[in-house]
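S.K.: Taken in sequence, the protein lines are chains A and B. Under the numbering used here, the first residue of the first sequence carries the number 1, and numbering increases by one thereafter. Under the numbering used here, the first residue of the second sequence carries the number 1, and numbering increases by one thereafter.
These aren't lab readings, by the way, just hints derived from the structure by calculation. Treat the hints with caution; some may be incorrect.
To spell it out: a stretch of chain B is covered by chain A in this simulated footprint if at least three of its residues, at any positions, have a beta carbon under 8 Å from a beta carbon of chain A; those stretches are [as the list claims (entries may be wrong)]:
1) 9 to 17
2) 92 to 101
Covered by chain A, according to a simulated footprint, are these stretches of chain B (three or more residues, beta-carbon under 8 Å) [unchecked claim]:
3) 59 to 66
4) 158 to 171
Keeping only pairs whose Cα atoms sit at most 27 Å apart, straight-line, the calculated BS3-like set for lysine-lysine is [stated by the list, open to error]:
5) Lys151(A) / Lys122(A)
6) Lys16(A) / Lys76(A)
7) Lys24(B) / Lys76(A)
8) Lys46(A) / Lys76(A)
9) Lys46(A) / Lys105(A)
10) Lys122(A) / Lys24(B)
Note that this is a predicted model, so its numbers are computed, not measured. Glycine is no exception: its CB is placed at the ideal position from the N, C-alpha and C atoms.
The residues making up each chain are set out below.
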Amino acid sequence: MPLVVFMRGVNVGTAKRFQPSLLATELEHLGVSNLGAAGTFIVRGKLGESALRAEFLRRLPFACELMVCPGRDLLKLAADEPFPESAEGPDLRRFVSVLARRPRKPLALPWSYPAGDQWQVKLVGVSGRFVLSLWRRFGRSSLEPNMVVEKQFGVSSTTRNWNTILRVCEVLQELPQAARKVKTGSSAGQRKRAGIPVVPTPRDT
Amino acid sequence: MTALSVPRPTADEAAPFYHGYIGKVPGENIGEQLVDQLAEVERLLGALDDRAGLARYAPGKWSVKEVLGHLTDAERIFSYRLLRIVRGDATPLPGFDENAYVPAGRFDARPLTALLADFRAVRISTTALVGGIPSTAWSERGTASGNPVSARALIYIILGHAAHHLGVLRERYGVGAVAATATSV
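Bound-form chain B, shown alone:
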């Protein structure tokens, strides 16, 4: 499954805002990247304790736990969209309000290990879904949040969206540095 390659989507296969996320995905080896990115999330965040998981880089920003919870929520929704679209279901799919989902998820009250296990479960589910998609179905298109989107654009958005937030965790929260310190002693 890790050898799965999916051709890159063209510009008209996702809303323009998502092109930035798609651009964060190098190459077309989607199966490998899904597995590697899960390992990266576990390496970066698995080294943190619950107290570090509550860290925010500025007042009002999401905590590390909330970022992880958002990643899990978003991947659940994106992969659900992917399922419907690859099955040929053209029903327009609604958007979601991440700004409301994060506080509703009460991620800060949950152990970081539980949030990591949740993300892992979702990523394994996404990987299994992707592994079973017939090659002809990747070009299927649907509508999500009022915009046309293709199946293959969705899997690139899943990876690129996570890559974006992992970058913010490293650069603004210093998560990689904390992990490096924790593992070097």
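Next up, chain A with everything else stripped away, as it sits in the complex:
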């Protein structure tokens, strides 16, 4: 089953900026493709998790935490339809945080921050390493669900909108059975412009 790689804290603000599409091209020989700009990758190749992490990290010009999980775990999460259908709108959004590891202690749910009627982030479910939350626009304040999740569970995490998770699952569900044709990687010039260091690889030498 494919793996899904989530990068933590990239392309947010001015730090740790890079082009995920070029990194995916760089790793295409491993069956890597990316979705969006937040650092979400699907890996079709049969590489072990630690080797995969090394392949990603050695191509990045900055230190970065990677949350790697089996695609089947995401498909199961989506199949469980964990959010009520009504929980989406301009001022109400659904998020999934992927924890670096399972939480050590359970949390009584739902848990809101701030507590009471004026909550902005409400944690509504935990499934393995996934924490489900609702985000609500409240006045001018914009609280990040990921910050709340990390503080509450004491574990680093990275967060994606539920629609992004569903799109990942659409791709996972429809992955062709046949091996994907491997293309050559991007040029050194493209990598340099993308902020990805030019690391000698077997293809470059």
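Use these hints to put chain B onto chain A, whose structure you have.
M.R.: The following block gives chain B in isolation, referenced to the frame of chain A:
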């Protein structure tokens, strides 16, 4: 044809991930919903110009045009699967990589009107196909992308998949709001 009703599939008639899409289809009046959903797509997206069609709600996300192109691609593939399965063809059908199809489709370079016409053509074709399916064939089953799927599950997936993306267009891209503004002046 719009009166066509298709019984809802049971849980074992599609991969679990698709149950969410099937759940987005209210009732069993499939013929009516195929027509109504086409009208909804044309109402929502027909009010946009090409510049609005390039809008993305965040960097790296699909544009409105790319979402529409994806809907058309997916419906072509799902309806092809439907055709083979209702004809009793048990050949396992391959999956497709939507992540590769969208950039390959170069939808941003095409006029939104052309993309809408493409979706309309596909939906009319799907509706015509569905209208000719014998009632006994809806329970036929096949295999697509490595998972068992029935004919009736496929038509619910077609509708539910489009409903999902239309919801994202409304909620994240604000497409309905743009259409409302455009039509109110």
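S.K.: All hints are to be evaluated individually against the structure, with a verdict given for each.
M.R.: Okay, the hints, checked on the actual structure:
1. 9 to 17: holds (count 3)
2. 92 to 101: Three-residue rule met by the segment 92 to 101 of chain B, so holds; n is 7.
3. 59 to 66: holds (count 3)
4. 158 to 171: holds (count 4)
5. Lys151(A) / Lys122(A): Within the cut-off at roughly 13 Å; holds.
6. Lys16(A) / Lys76(A): violated, 31 Å
7. Lys24(B) / Lys76(A): holds, 18 Å
8. Lys46(A) / Lys76(A): holds, 20 Å
9. Lys46(A) / Lys105(A): violated, 33 Å
10. Lys122(A) / Lys24(B): holds, 25 Å
In this structure, the hints that do not hold are numbers 6, 9, in rising order.
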